[in-house]
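Colleague: So the sequence shown is numbered by our numbering: it starts at 36 and just counts up by one.
For the record, the hints were derived by calculation from the structure and aren't laboratory data. For glycine and all other residues, C-beta sits at the position ideal for the given N, C-alpha and C. Among the hints, a few may not be true.
[As the list claims (entries may be wrong)] Computed spacing ranges between beta-carbons, pair by pair:
id, residue 1, residue 2, range
1, M36, K93, 34 to 40 Å
2, A67, T39, 34 to 40 Å
3, V114, Y41, 27 to 33 Å
4, T108, E78, 16 to 22 Å
5, G110, Y45, 19 to 25 Å
6, D120, L47, 25 to 31 Å
7, E66, A121, 18 to 24 Å
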Amino acid sequence: MLKTIYETGYDLHVANYVAYLHTDKKLYEDEAHKTQAKKADVEKAFKLGRLIIMGADKTYLPVALLAAGVVVTDGTTAVTCTAADADPA
Numbered sequence: 036m037l038k039t040i041y042e043t044g045y046d047l048h049v050a051n052y053v054a055y056l057h058t059d060k061k062l063y064e065d066e067a068h069k070t071q072a073k074k075a076d077v078e079k080a081f082k083l084g085r086l087i088i089m090g091a092d093k094t095y096l097p098v099a100l101l102a103a104g105v106v107v108t109d110g111t112t113a114v115t116c117t118a119a120d121a122d123p124a
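Construct the entire structure; sequences and hints are all you get.
Modeller: Structure, rendered in structure tokens:
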């Protein structure tokens, strides 16, 4: 039997989680790229199948979750996007 991942009440009416990809290949929570996305949040959204990554001119569905981050591709080039490990001090 495959491991079950349950959504919580917090996730109940969420269609997708959106992260914004900056030119530094880091993921941000906001379009202005001011707050870097937290690794735990990105991993959770990926595992729920609800992570969408918005680039400058493209929208991606990540194809893999690695220790280094999530992998997106435009069909020709794969890019690993990173998130912050914890809140900055």
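Colleague: Is it true that the C-beta distance of T108 to E78 lies inside 16 to 22 Å, as the hint says?
Modeller: holds (19 Å)
Colleague: That 25 to 31 Å hint for D120 and L47 (C-beta), does it hold up?
Modeller: holds (28 Å)
Colleague: May I ask you to test the hint 27 to 33 Å on the CB atoms belonging to V114 and Y41?
Modeller: holds (30 Å)
Colleague: If I claimed the Cβ atoms of E66 and A121 lie 18 to 24 Å apart, would that claim hold in this structure?
Modeller: Given a distance of about 23 Å, which is inside 18 to 24 Å, the answer is holds.
Colleague: For the hint 34 to 40 Å, verify it against the beta carbon of M36 and that of K93.
Modeller: holds (37 Å)
Colleague: Look at the Cβ atoms of G110 and Y45 and judge whether their distance stays inside 19 to 25 Å.
Modeller: violated (34 Å)
Colleague: Does 34 to 40 Å hold as the CB distance between A67 and T39, or does it fail?
Modeller: Cβ of A67 to Cβ of T39: about 37 Å, so the range 34 to 40 Å holds.
The structure fails hint 5 only (numbered hints given earlier).
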